[in-house]
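Protein chains in written order, with the numbering used here: chain A, 5 to 282; chain B, 5 to 282.
Hints may be right or wrong, so weigh each one.
Any copy will do: because identical chains look the same in the list, a pair fits if it lies in one copy or spans two.
Below, in silico cross-link-like pairs of lysine-lysine (BS3-like), each with a Cα-Cα straight-line distance of 30 Å or less [stated by the list, open to error]:
no.: 1; residue 1: K112; residue 2: K13
no.: 2; residue 1: K55; residue 2: K33
no.: 3; residue 1: K112; residue 2: K280
no.: 4; residue 1: K215; residue 2: K237
no.: 5; residue 1: K112; residue 2: K7
no.: 6; residue 1: K225; residue 2: K281
no.: 7; residue 1: K225; residue 2: K197
no.: 8; residue 1: K13; residue 2: K197
no.: 9; residue 1: K63; residue 2: K112
no.: 10; residue 1: K197; residue 2: K62
no.: 11; residue 1: K197; residue 2: K251
no.: 12; residue 1: K204; residue 2: K281
no.: 13; residue 1: K112; residue 2: K281
no.: 14; residue 1: K281; residue 2: K197
no.: 15; residue 1: K55; residue 2: K280
no.: 16; residue 1: K197; residue 2: K33
no.: 17; residue 1: K204; residue 2: K225
no.: 18; residue 1: K204; residue 2: K251
no.: 19; residue 1: K237; residue 2: K63
No wet-lab data here; the hints were simulated from the structure.
Listed here are the chains, written in short residue letters.
2 protein chains.
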Amino acid sequence: MEKLILDGKAVSKDIRSNLAVRVEELQSKGVTPCLATILVGENPSSETYVKMKGNACKKLGIQSERIHLSSETTTEELVDTINKLNHDDAVHGILLQHPVPEQIDERKAFDTIAIEKDVDGVTSTGYGQTALGFGEYPSCTPAAIMTILDYYDISAEGKNAVVVGRSPILGKPVSALLLNENATVTTCHSRTKDLPDILKRADIVVAAIGKPSFIQGEWIKDGAVVLDAGYNKGNIGDVDYDSCYEKASAITPVPGGVGPVTISMLLKHTVDAAAKKL
Amino acid sequence: MEKLILDGKAVSKDIRSNLAVRVEELQSKGVTPCLATILVGENPSSETYVKMKGNACKKLGIQSERIHLSSETTTEELVDTINKLNHDDAVHGILLQHPVPEQIDERKAFDTIAIEKDVDGVTSTGYGQTALGFGEYPSCTPAAIMTILDYYDISAEGKNAVVVGRSPILGKPVSALLLNENATVTTCHSRTKDLPDILKRADIVVAAIGKPSFIQGEWIKDGAVVLDAGYNKGNIGDVDYDSCYEKASAITPVPGGVGPVTISMLLKHTVDAAAKKL
């Protein structure tokens, strides 16, 4: 069987070269896209993520405004910071890096982000709009998965898609997006019984459960399309790559699969949001 | 096998007798729950639905404010009407009867309803909050289905639930609610291939597709729980009752199943919204 390795770097390169042109155009018209990133507390991985996102912005000529709040920040203080950014006309997108320290009501903070600046797709309203089929900025990893499928002309229409995971920014929205593309979608999670039995019927598998190398090749059917949204310590996905590679018709590697496209989605949404200011 | 007929009238009676007490208490404290209903244009079925809802309010001592707009109403006029109700402190819940005439942007109208008055569960934000697990007023038919399961102590935990239909106020939110109750949820629709094959694995079946007597007994497994949210001309559900009755362990009839509980949910949400004014 022909194997297709779904190359996130290639997809990403394509998106970013297109964005570079758009950013230049916007700048020539006096609009410099700007993403504000908020990091709360001291979490080395979060700091790395925020830095990566900031660097990706810089390379494209997108301005990034980095805000770093102390680990003692209260919900009210964070909400105030977000509200200021909501009212700042120079800021087109707001990203609040997850997770925030325990004392903060993260959901309240997320839902403070103005819908038109929710380029990371974390608000309840944004989720609702995405699920109902008209969201402009779906959560970035789900958007990345759909973009990869689209890039490789893999249609979800009428396919059985099984999503393993149900987080607010991954499993739930990717289930919604696949459903809107006319897949028959099954959402599985830690309480699912007989996961291998369910996976065996999947034409499209999305792994988003946060367990390293969890999905086994023997669980999936021959020819399945496997999208690994996992990102565990040591750059390991949620899919046992070697055994799934044997069975799959198409598969994303980790790293170099969904990850780079996720950041590209954030950049694209920021540019889209800025373009509305013309 | 023991057969359980899931009696929506009994569930409803229980809810409404409880609500009657709550309404009396609220009134004694100076708050009369009030539902505003908006009907646009001349649609005999819609007129009947709105009248039924108004009568159900009246019986419990809930005030209902009926607004009937002409069939030539514009989106802007409807949005203005909703905004006035949003700002009217005497109104606790707003129901916009679906469908509205063609020239109106129904989604825009729905999304104008203030989240705290969205007792019918039609806003994008309400949907998002419901799916993310903290919505206060889920769409009424999905809420009715979950209430019936709860009343009869039927747990969704770890069960395979198959929802047939994906409308914004039924299939999608009931899928979300079942997922939040730890069911493994498959959402099917008109593009689904091999529906009978998928249904055969369902412990819980929700029919919400709008096709009279569509779901056949031979498609479902022995002992399945069957919830019929269909409501077709002539009081016919989406489930072929006789053949499904044979196979099911529990089943809702039509009429007298999900329908009466749906209206009870609307009443309950209105009373809940009023209670916040204390």
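### Query
Which numbered conditions among the earlier hints are violated in the structure presented, ordered from lowest to highest?
1, 5, 6, 8, 9, 10, 12, 14 and 16
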